[in-house]
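If you want the building blocks of each chain, they are given just below.
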Amino acid sequence: MAVDKPGLSVKIGDISFKNPVLTASGTFGYGREFEPFVNLHRLGGIVVKGISLEPRRGNPPPRIVETAGGMLNAIGLENVGVQRFIDEKMDYLRGIGTRVIVNILGDSLDDYSLLAEKVSGVAGISAIEVNISCPNVKKGGVAFGTDAGMARAVTEAVCSKSAIPVIVKLSPNVTDITAIAKAVEDGGAHAVSLINTLLGMAIDIRSKRPRLANVVGGLSGPAIKPVALRMVWQVANAVKIPVIGIGGITTAEDAIEFLLAGATAIEVGTANFVDPSATEKIVNGIEQYLIANKMENINQLIGGLRI
Amino acid sequence: MAVDKPGLSVKIGDISFKNPVLTASGTFGYGREFEPFVNLHRLGGIVVKGISLEPRRGNPPPRIVETAGGMLNAIGLENVGVQRFIDEKMDYLRGIGTRVIVNILGDSLDDYSLLAEKVSGVAGISAIEVNISCPNVKKGGVAFGTDAGMARAVTEAVCSKSAIPVIVKLSPNVTDITAIAKAVEDGGAHAVSLINTLLGMAIDIRSKRPRLANVVGGLSGPAIKPVALRMVWQVANAVKIPVIGIGGITTAEDAIEFLLAGATAIEVGTANFVDPSATEKIVNGIEQYLIANKMENINQLIGGLRI
Amino acid sequence: MTQYQTLAEVVKKEQIAADIFRLTLRAPEIAGCARPGQFVMVRAMAGIDPLLRRPFSIHQVSSEGNIQILFKRLGKGTTLLARLEAGEQLDLVGPLGNGFDLNGPGKVCLVGGGMGIAPLYFLAREFLRQSIPPRLTVMLGARTREELVTVANDFKDLGVNDLSLATDDGTLGHHGLVLDLMGRQMAREDQWSVYTCGPHPMMKAVAEMARQNEWLCSVSLETMMACGISACLGCAIPRAGLNGNYLHVCKDGPVFDAGEVAWL
Amino acid sequence: MTQYQTLAEVVKKEQIAADIFRLTLRAPEIAGCARPGQFVMVRAMAGIDPLLRRPFSIHQVSSEGNIQILFKRLGKGTTLLARLEAGEQLDLVGPLGNGFDLNGPGKVCLVGGGMGIAPLYFLAREFLRQSIPPRLTVMLGARTREELVTVANDFKDLGVNDLSLATDDGTLGHHGLVLDLMGRQMAREDQWSVYTCGPHPMMKAVAEMARQNEWLCSVSLETMMACGISACLGCAIPRAGLNGNYLHVCKDGPVFDAGEVAWL
Ligand SMILES: Cc1cc2nc3c(=O)[nH]c(=O)nc-3n(C[C@H](O)[C@H](O)[C@H](O)COP(=O)(O)OP(=O)(O)OC[C@H]3O[C@@H](n4cnc5c(N)ncnc54)[C@H](O)[C@@H]3O)c2cc1C
Ligand SMILES: Cc1cc2nc3c(=O)[nH]c(=O)nc-3n(C[C@H](O)[C@H](O)[C@H](O)COP(=O)(O)OP(=O)(O)OC[C@H]3O[C@@H](n4cnc5c(N)ncnc54)[C@H](O)[C@@H]3O)c2cc1C
Ligand SMILES: Cc1cc2nc3c(=O)[nH]c(=O)nc-3n(C[C@H](O)[C@H](O)[C@H](O)COP(=O)(O)O)c2cc1C
Ligand SMILES: Cc1cc2nc3c(=O)[nH]c(=O)nc-3n(C[C@H](O)[C@H](O)[C@H](O)COP(=O)(O)O)c2cc1C
Ligand code: FES
Ligand code: FES
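Protein sequences appear in the order of chains A, B, C and D.
Be aware that the first sequence starts at 0, since it is given in numbering that gives the first Met the number 0, and climbs by one per residue.
Be aware that the second sequence starts at 0, since it is given in numbering that gives the first Met the number 0, and climbs by one per residue.
Be aware that the third sequence starts at 0, since it is given in numbering that gives the first Met the number 0, and climbs by one per residue.
Be aware that the fourth sequence starts at 0, since it is given in numbering that gives the first Met the number 0, and climbs by one per residue.
These aren't lab readings, by the way, just hints derived from the structure by calculation.
Warning: the hint list may mix true and false statements.
What the simulated footprint calls covered on chain B by chain D, stretch by stretch (three residues with Cβ under 8 angstroms from a Cβ of chain D suffice, anywhere in the stretch; the number is not a length) [to be verified]: (1) 18–32; (2) 68–77; (3) 267–277.
The model shown is predicted, which means the values in this text are computed figures rather than measured ones.
Every residue, glycine too, gets a C-beta built ideally from N, C-alpha and C.
Make the full structure from the sequences, and use the hints.
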């Protein structure tokens with residue numbers, strides 16, 4: 000029996016997405032930048048650039064460098080701040096007709112709960128994604144995401160102030176990502192997304208200087224896909240909440256690997272730079288795969304890995 | 000002033016290497032395999048395939064899969080066992096005229112100390128490299144290398160039985176690699192080498208099965224270089240013992256990045272598969288760089304990163 | 000802000016020096032709306048080596064729907080581009096960036112060095128076509144005659160009469176820097192609008208001369224870029240005085256008023 | 000165990016079907032010592048995409064120092080190979096592996112399917128040149144006439160008189176499997192040495208038929224390979240009975256006695 004239009008919609012918390020293809024924070028601007036290249040309405044959702052309480056100017060340049068099959072970035076979380084985001088960017092985003100997820104970041108638990116409060120009441124914002132790869136200023140700059148206790152505390156801080164689903168975005172720079180995922184689940188998260196970037200570095204042997212002004216930066220792109228997929232599979236087997244897979248996803252085949260490994264949805268990051276229409280191609284490619292494999296619903300795919 | 004022949008030799012523990020270019024364990028067989036392609040005598044040293052007390056047959060196939068800019072392997076530490084290694088492989092290795100380092104692995108502290116004892120007396124073996132990325136059977140299979148206490152214990156076990164320098168090879172799958180490096184230094188290691196492979200995974204979306212029979216495997220190759228370089232830089236700043244850099248090194252430029260970051264020597268792994276003469280080209284390339292940069296000695300390069 | 004992603008066919012490939020190439024690409028939508036100073040992000044090949052697109056100034060636009068890029072073979076990306084042959088395709092995103100403001104006051108001087116010449120040709124053509132400035136002077140510099148001669152002739156053919164050349168090795172025009180030409184030919188008293196693109200040190204010196212003479216000066220800058228469309232924030236450069244937010248070359252530029260940016 | 004790494008020039012490129020190509024490569028050292036059944040590891044391009052070399056059987060060796068590979072365009076590596084033109088270079092490592100043992104008893108039958116035909120041509124030539132077997136029979140299968148016809152003619156030109164063909168779609172020779180040809184043409188009572196290379200299910204069936212008839216059977220196997228030179232241990236396959244150490248295709252093979260390996 001041929002399937003014409005397989006069901007693509009997935010659910011995270013109590014909100015549903017028309018399909019599992021989201022954009023990864025910091026790689027899709029505030030959505031509008033991609034209007035010339037993508038039918039934004041076709042996407043499952045847009046995760047916007049990470050937002051902090053106050054505007055941030057970010058790191059000095061150089062901020063990016065290409066590496067084998069990937070790139071390093073040290074943007075330094077440059078953003079317009081939550082107020083300008085709400086005032087200037089939300090109108091456009093509301094008009095697209097897809098889910099909008101706001102990615103938040105802070106230096107302290109207070110920052111996170113204040114941000115959650117500000118964001119959760121705004122019309123058109125469907126969920127919060129919490130970037131916990133940021134340094135905790137009070138704990139000497141150790142990232143929230145590298146300690147189960149701190150990760151849980153941030154989750155609780157955000158959940159207690161949020162009326163919308165909370166997705167906690169995990170750092171891969173840890174010994175056991177399932178421990179962090181479980182802590183975050185216990186803290187009340189409605190979903191986890193992973194992975195954020197791997198910490199990396201590059202050196203210019205002519206000048207003998209680091210290629211990034213910030214010395215180290217985050218590695219993203221196809222190079223990290225195997226690590227991301229392994230972590231998604233581990234976490235999907237460790238928690239009950241939905242998992243959103245991120246890391247090097249460039250094609251529909253990549254996305255399907257993550258769905259098979261147990262991801263309920265995926266986010267496309269660096270690929271947006273390489274091919275600004277990547278997200279829409281991935282939605283189409285997943286649909287075609289389901290049709291070719293005679294699956295009526297995306298849920299038949301999710302977690303379908305045969306071991 | 001032009002430098003004709005810059006000094007390339009480096010020291011680890013109390014042994015010196017004619018140059019800093021070694022081969023990474025598991026990627027250079029027992030040396031002989033590369034005789035047709037490399038002037039083995041020209042290398043700084045050869046680190047042989049990991050050796051255990053008893054022979055191991057390794058994992059079922061498929062054992063390898065190519066990924067973006069890298070590869071995953073799950074060889075499963077197949078090896079001929081320490082006795083056959085000494086009886087059958089050492090004669091040839093002794094004849095090459097370069098340093099031979101034996102990489103050892105075990106399931107328990109006892110395994111490691113027995114191996115150290117067996118190996119350390121054998122003529123022609125210059126140093127031991129301890130692979131601590133192996134599961135500790137007594138601790139439910141958690142890798143020795145992911146826990147500072149266990150890493151230190153393995154180091155002590157090996158050092159107490161070894162009359163030759165002990166290099167501990169660190170796993171990158173940890174939150175803070177400097178903590179492990181320091182524990183290992185405290186345990187008496189003469190040097191650390193890093194990184195071993197990153198844990199990764201790949202799925203065949205046609206069969207819906209993992210591409211490796213072992214499900215997960217180790218990611219190596221150019222893709223991981225930024226992560227390796229960052230860790231080498233962190234560790235070189237955290238310990239006093241020499242650091243050997245490993246991870247994605249394919250060209251002399253790559254090797255020089257690691258030396259600038261503070262590595263005293265480097266190991267070439269996956270690149271040997273891509274270009275079996277890679278190691279020799281890297282030795283030559285480093286020499287040329289020193290000449291072009293008017294450096295008389297490799298020590299002027301090591302740790303020369305300008306921040 | 001009309002932008003397109005398009006598979007452009009290589010219509011023509013010219014090797015104009017040992018390492019300098021010019022590609023004519025069929026891209027009617029981009030050709031239809033590009034302004035001088037804008038650029039395209041180019042992907043020479045599917046796959047991940049190199050991963051990112053490369054930015055190139057739009058060198059020329061034709062009424063038949065073609066654009067040209069002029070580039071130097073430097074690394075991986077440009078080596079692949081240089082291997083393309085007519086009939087092959089490549090993926091373009093553009094036109095991107097702000098482009099030059101053609102309404103500078105007074106006489107106009109275009110100062111180009113190396114591959115910085117690329118956008119100035121399109122700019123010169125627009126100035127001539129719209130017959131805007133009272134006087135158009137063009138000064139071009141390169142390392143050698145070989146690198147300069149073909150493009151210099153193109154400027155002549157375009158109708159640029161006031162053209163001065165400089166080469167590092169003296170094989171064509173003045174033996175030295177374009178900066179020397181500026182010092183000689185541009186009277187301090189006159190009002191000039193200077194448009195410059197080239198190596199950073201050259202632009203810095205041009206900007207400094209313009210500042211001292213109180214001439215308007217537009218510079219077209221280069222940085223590393225991942226996206227070219229204002230999504231990655233990788234192309235930041237500091238503002239003059241090093242305060243406030245960073246400027247972003249792909250969106251706020253690549254053309255800036257020289258006084259806006261910090262000349263480090 | 001003489002092996003070489005060499006930059007080989009593409010002497011000739013033939014497209015013998017929509018997706019099947021044959022490259023003639025100048026590699027005198029390899030040509031000078033290769034035996035049928037051995038292979039080369041090929042790198043079509045510097046860079047990391049794809050990262051690893053690809054293994055190809057040696058299809059033919061000429062006295063002028065050339066070797067040939069015959070391959071199907073499947074993925075990244077073979078797509079790059081198919082783009083090469085005469086005069087370009089590619090990096091070869093070889094000859095690798097054990098090769099066929101030509102001293103099987105009785106009559107000889109070569110059974111090839113798909114690209115598995117590649118090494119059998121070199122093998123047939125050696126048999127004829129050394130005039131070893133009392134009788135040489137060759138049976139080749141492919142999906143379509145297009146995929147088979149050129150190579151089949153080469154076998155005829157070589158002097159293989161006893162040649163039978165089969166295609167999946169019946170456009171050339173028998174409409175069906177090479178296995179059917181074996182069943183029809185090889186008398187059970189005779190002593191045969193069977194040499195086979197092709198898709199895994201085909202070789203499995205050939206091996207099973209040989210076992211039942213107590214014929215000697217050599218199979219040339221494929222696996223994923225990272226190095227081809229016995230350094231990575233990635234090319235393991237299980238032994239018959241699934242016990243003992245694994246076999247390694249690049250060193251213990253690619254040619255095995257069919258009874259040695261586990262047919263999963
Ligand atoms: C707005 C803009 C317009 C440009 N227009 C032109 C043009 O018209 N003609 C031309 O030849 N070049 C132009 N460039 C520079 C061109 O993008 C680089 O030369 C090219 O990206 C090099 O790619 P590659 O892969 O060959 O070199 P790589 O191997 O990537 O690097 C070679 C060298 O070029 C430098 N480089 C790499 N990428 C960039 C980049 N994005 N920007 C600046 N430097 C870089 C590297 O640091 C290195 O030193 C422009 C750059 C920008 C930002
Ligand atoms: C000893 C040996 C001899 C061979 N001889 C020939 C030959 O003469 N002619 C020929 O056309 N092919 C031959 N092959 C197979 C050939 O190596 C693969 O077709 C080739 O590697 C595919 O590369 P690709 O990059 O185009 O495809 P990829 O994109 O890598 O993969 C395409 C498909 O091919 C499979 N594949 C990839 N690499 C291998 C590999 N190393 N071994 C087996 N399957 C693989 C993949 O799983 C996938 O299904 C041989 C393989 C071996 C091991
Ligand atoms: C330029 C850039 C900026 C990013 N900014 C953010 C951010 O603001 N917040 C965040 O949570 N992740 C950020 N990320 C991480 C991505 O969202 C994503 O987790 C990571 O890049 C891995 O996915 P990829 O390989 O598909 O890019 C950024 C990544 C890049 C490349
Ligand atoms: C096929 C393969 C086998 C390996 N076997 C071992 C081993 O036995 N012992 C060990 O310590 N490391 C082993 N490694 C890890 C390498 O020595 C090296 O640390 C890692 O591959 C990273 O370096 P590279 O990117 O240069 O390959 C192996 C790696 C590969 C690819
Ligand atoms: S290049 Fe990405 S924001 Fe400018
Ligand atoms: S392919 Fe590496 S050992 Fe056989």
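How the hints compare with the structure:
Requiring three or more residues with a Cβ within less than 8 angstroms of a Cβ of chain D, the coverage given for the stretch 18–32 of chain B holds, as 5 such residues are present. For a cut-off of 8 angstroms, the count of residues in the stretch 68–77 of chain B with a CB near a CB of chain D stands at 6, and the three-residue condition holds. With 7 residues carrying a beta carbon less than 8 angstroms from a beta carbon of chain D, the stretch 267–277 of chain B meets the three-residue requirement, and the given coverage holds.
Of the numbered hints given earlier, the model fails none.
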